[in-house]
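Those sequence lines, one after another, are chains A and B.
Take the first sequence: its position 119, counted from the start at 1, is 119 in this note's numbering, and no numbers get skipped.
Take the second sequence: its position 115, counted from the start at 1, is 115 in this note's numbering, and no numbers get skipped.
What the hints contain is simulated information worked out from the structure, not anything from laboratory work.
One thing to keep in mind: the hints can contain errors.
Treat identical chains as interchangeable: a pair holds within one or across any two.
Said to hold, decoys possible - Below are the DMTMM-like pairs computed for lysine to aspartate or glutamate, each with C-alpha atoms no more than 25 Å apart in a straight line:
{"no.": "1", "residue 1": "Lys65", "residue 2": "Glu421"}
{"no.": "2", "residue 1": "Lys42", "residue 2": "Glu595"}
{"no.": "3", "residue 1": "Lys142", "residue 2": "Glu471"}
{"no.": "4", "residue 1": "Lys453", "residue 2": "Glu471"}
{"no.": "5", "residue 1": "Lys176", "residue 2": "Asp217"}
Protein chains: 2
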Amino acid sequence: MTYRAPVAEILLSMIHEAGMDPERKPSIYAELGDGFAEATLKEAAKYAESVLAPLNSVGDREGAKLDSGRVTVPPGFANAYRKWAAGGWNAISGPQDYGGAGLPVLLNTACIEIWSAANVSFSLCPLLTFAAIEAMESHASKALKELYLAKLISGAWTGTMNLTEPQAGSDLGGLKMRAERQGDGSYKLFGSKIFITYGEHDMAENIIHFVLARLPDAPKGTRGISLFLVPKMVVNDGGNLGKRNDVFCASLEHKLGIHAAPTCTMVYGDHGGAMGFLVGEENKGLACMFAMMNNARLNVGVQGVAIAERAFQQALGYAGERRQGRAPGERGEGMSPIIRHPDVMRMLLTMKSLTSAARAICFATAASIDRSRRAQDDAEHGAAFERASLLTPVAKAFSTDIANEVASLGVQVHGGMGYIEETGAAQYLRDARIAAIYEGTNGIQAIDLVQRKLGLSQGETMRREIASMREVTRALRENAENFGEMESHLSDAVDSLERATLFMQEAGAARPEEALAGAAPYLRLFAVALGGTLLAKGALAARRLSTAGNNDPLLPAKIACARFFAENIAAGAGGLAREVMLGGGSVLAGSSALER
Amino acid sequence: MTYRAPVAEILLSMIHEAGMDPERKPSIYAELGDGFAEATLKEAAKYAESVLAPLNSVGDREGAKLDSGRVTVPPGFANAYRKWAAGGWNAISGPQDYGGAGLPVLLNTACIEIWSAANVSFSLCPLLTFAAIEAMESHASKALKELYLAKLISGAWTGTMNLTEPQAGSDLGGLKMRAERQGDGSYKLFGSKIFITYGEHDMAENIIHFVLARLPDAPKGTRGISLFLVPKMVVNDGGNLGKRNDVFCASLEHKLGIHAAPTCTMVYGDHGGAMGFLVGEENKGLACMFAMMNNARLNVGVQGVAIAERAFQQALGYAGERRQGRAPGERGEGMSPIIRHPDVMRMLLTMKSLTSAARAICFATAASIDRSRRAQDDAEHGAAFERASLLTPVAKAFSTDIANEVASLGVQVHGGMGYIEETGAAQYLRDARIAAIYEGTNGIQAIDLVQRKLGLSQGETMRREIASMREVTRALRENAENFGEMESHLSDAVDSLERATLFMQEAGAARPEEALAGAAPYLRLFAVALGGTLLAKGALAARRLSTAGNNDPLLPAKIACARFFAENIAAGAGGLAREVMLGGGSVLAGSSALER
Chain A
1 MTYRAPVAEI LLSMIHEAGM DPERKPSIYA ELGDGFAEAT LKEAAKYAES
51 VLAPLNSVGD REGAKLDSGR VTVPPGFANA YRKWAAGGWN AISGPQDYGG
101 AGLPVLLNTA CIEIWSAANV SFSLCPLLTF AAIEAMESHA SKALKELYLA
151 KLISGAWTGT MNLTEPQAGS DLGGLKMRAE RQGDGSYKLF GSKIFITYGE
201 HDMAENIIHF VLARLPDAPK GTRGISLFLV PKMVVNDGGN LGKRNDVFCA
251 SLEHKLGIHA APTCTMVYGD HGGAMGFLVG EENKGLACMF AMMNNARLNV
301 GVQGVAIAER AFQQALGYAG ERRQGRAPGE RGEGMSPIIR HPDVMRMLLT
351 MKSLTSAARA ICFATAASID RSRRAQDDAE HGAAFERASL LTPVAKAFST
401 DIANEVASLG VQVHGGMGYI EETGAAQYLR DARIAAIYEG TNGIQAIDLV
451 QRKLGLSQGE TMRREIASMR EVTRALRENA ENFGEMESHL SDAVDSLERA
501 TLFMQEAGAA RPEEALAGAA PYLRLFAVAL GGTLLAKGAL AARRLSTAGN
551 NDPLLPAKIA CARFFAENIA AGAGGLAREV MLGGGSVLAG SSALER
Chain B
1 MTYRAPVAEI LLSMIHEAGM DPERKPSIYA ELGDGFAEAT LKEAAKYAES
51 VLAPLNSVGD REGAKLDSGR VTVPPGFANA YRKWAAGGWN AISGPQDYGG
101 AGLPVLLNTA CIEIWSAANV SFSLCPLLTF AAIEAMESHA SKALKELYLA
151 KLISGAWTGT MNLTEPQAGS DLGGLKMRAE RQGDGSYKLF GSKIFITYGE
201 HDMAENIIHF VLARLPDAPK GTRGISLFLV PKMVVNDGGN LGKRNDVFCA
251 SLEHKLGIHA APTCTMVYGD HGGAMGFLVG EENKGLACMF AMMNNARLNV
301 GVQGVAIAER AFQQALGYAG ERRQGRAPGE RGEGMSPIIR HPDVMRMLLT
351 MKSLTSAARA ICFATAASID RSRRAQDDAE HGAAFERASL LTPVAKAFST
401 DIANEVASLG VQVHGGMGYI EETGAAQYLR DARIAAIYEG TNGIQAIDLV
451 QRKLGLSQGE TMRREIASMR EVTRALRENA ENFGEMESHL SDAVDSLERA
501 TLFMQEAGAA RPEEALAGAA PYLRLFAVAL GGTLLAKGAL AARRLSTAGN
551 NDPLLPAKIA CARFFAENIA AGAGGLAREV MLGGGSVLAG SSALER
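Chain A extracted, bound-state conformation (with noise of 0.2 Å):
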């Protein structure tokens, strides 16, 4: 099944959804003017659906391979990947001094659904290196920064994240790795890592791998952790390759999914020590290590938006041509295609409109990041910033949660021909399992939104951001024609998620078991009234383009799409609300259900 990427669709969402308006003086976005960002993505859609999108189901079936420390990607990965670095798409939203074109992070989150969407096993690798630039920029010493962040960031050297140990998973305060200072300004690593994406290829000549790990002296728990640099061959000062570094892949893991992205346990330091270089002030560790996770966060967010489009796509040509029964009102004879049938629409508009709310979240959480970066004063940068930070969890839970959904739908579609694994669909459902558990499992995701996101500025975001959702319903309010019962249904959505707020400021501090109880359905209900008002808003800018005279039949899709996902998935915010509120008491008595 090809892929075809939805440029003008995620332009539409880009510009009215998420905001980006380079024709505003002044705009942040300037750079992405006169057709630049359409350009551009219609680059990164060639590429993708050429050389990334056919690679897709060969990665599946081969899968990397381990032969005596030497891990091999798929037969055509390694070619597709040092041509995709030669192209420049690494070093997008890079930083200008070490080389990257310094351009938006939201249109580096557009390129990344796309090259997810093709191929996401292939799209891990930039992925992790991605959180890797991140944390280097922001935490890095300048002579780390000279050696190592030019080739990172033109993909020539690749990047990872070393966290998980056995006994150390959600919980990092109980790892083990061991760093000893060399009183040479560098350190030597002693221990194991697992679940080590992309520890071990052949795509590219070095790999450098940021590993968390503890002190001799180092306090107890994670206020003890230190993050290193550990090269996979040293870099001699002049920059080029010297040994090979004591830092090795022991095991691949065999995996439901993304057969083709290795999944290495990764041991440091069985013959002497492996060399590595501090990152950050000692014992700060974490705090480098949030930088690279809430890059990765989001981005494994775009990962589920593009699974989930891929699958939609797929089911989508499949039910235009498979024909079974007739569709009610059907004239002339033979079976319908099964696109015709209400049912077959309904799962479709299902995986359409979830696909789509979640593409705005991530957009709108990506022009976030954009105007914290580029604000002029400090209060722009406070209010953007946070409003990233509050999304962030949103972004990544809601979406990947979606992937597995609408990836499970993508096989309904498929009927029996969707379990056979030849036809595809069920590749897509594997693949995207993994996503709502790595880079923090999306029940940490609500914590984090629970806990720490929803009292910034003492409950200010929060509060900014059902203001502006209320204003996208005050503007339907005005323009409800044609839109159905949208109106209605997302004040409805905001009412139940304002509600929910309350309850949960208030339980968070009197009740934290019960806060944390309906943290999972408190964000799923914040992302259906949050992505259900960005859809409006792109249903109400469409409506004033077709008034306006343009007949891209891509608009009236967007309003039909809105009203879909107001009628039938924010129309059950009134129930998640009473799951948040009530159902945190019904958890906590539960647990006598769940002795055995």
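Starting from the known structure of chain A, fit chain B onto it as the hints suggest.
Positioned in the frame of chain A, the structure of chain B alone reads:
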């Protein structure tokens, strides 16, 4: 991961939710009294836990294999099957005239849950035999019964259902398989069938295929379909096996899950014609097929319950052992088992309550079948038969939908480990995914419910169902203590169902497309109201028993589980009703969003 059949919970559900009352005089369940049901289930549990469950992951890894027409099942399966049949398990509910034990369907349904939880790929083989027995009982001639039925009932031979062809999936009208009269009462069959579960294997000495085909002079469409019995080995008049019949397995599918169950393409008549015998009348094959399918649909629903139960058990076990972070309110050193974290508790309670509700619905359906078979008079038979018809699509679709949801949550509870195949959680997700598709996709079930079942007895069957839900909410009002908001949420759910039902009955006639577009959320709403009230019925009984001095910890667990379902799952009923009543319009208005 070991599986422990939840015998005590199953019994509570059979008695208090499905109405198994052997001690009442008279009772249709008299033979299950004096501990017979419990003893039988404990024996089933012993076999399932010790023999079938350990083969589950072997079966997944090794899969069924085809070598020049011969299909071999994974190591251990053939032996396990023969012992299982020798133990009499295949014959539980088969008719006594042909060697069956003639026991209630409810008891066999409970056993099927146990076999399927232990090893769903294994259980598929007898499930198809049961369907074949059902079709033969109601439609085959005495002569055919004499030759075949006892062997199918004992399990010496197994049965298959041959419906699907590449162009005829959900819509059987287009099927092309040919049957030619031979003048001696037999037929010759030509053509091929796909997706034939256990179409060929090495577990039994003969395989009896039930095949839909067309006679040369048959009318077009579904009115020209006949059902034929085609043995793999021809059976001589004396009942001995004769020559190999002209039916062969041409290939096996490469599937997402249920790897141990061979899914065959079967070719009939490539060497002169496959000898077959008519079951029922010519061109009346569809009615016979529905006899097979109805039985199979309930049993596929039970598979959903089974996989969900097993996924829950594994997640519960892991959550009790895996330690990460510190749960709120926890004292002492070290990390807490993740089961103490409220978000993990919510996932586990969601898994458990969905599974319990689906079980209650499946058992209630099985009990209605028993009541219809053992009714004293026509009115009782009619009402019970129609209730079984009404509930069958709900049992099938809801149970298999929640199986996907529960298995996915099971992966999530495991975090990163859930994505590693060796953990086993991912196998449940892969195995479960087919159940929402085969024996009629869940979309087809929803359409069946709305178009054929709601109108039974001019809507009286459905009205009776709602009235019996209201009996439960009335009883809850009189016994509200410790039940939280159970009553109000369930009353809302039943009100929502009633509103949506009136809408459906009205729309079904006037705007059939809208009714079809709302069919899937309508079925879910039905299941939520029914499952919630059945669990509440169980909770009321648990309360009575506790009050009477029974201190079995299962009793408070049942109450907690019912409360969780009402406050968290049933809380969404209002949203589902809105989807049914408004969403139909937005589905139809949404077609423009599906153009590309």
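- [ ] Quick one: which hint numbers does this structure break? Sort them smallest to largest.
- [x] 3
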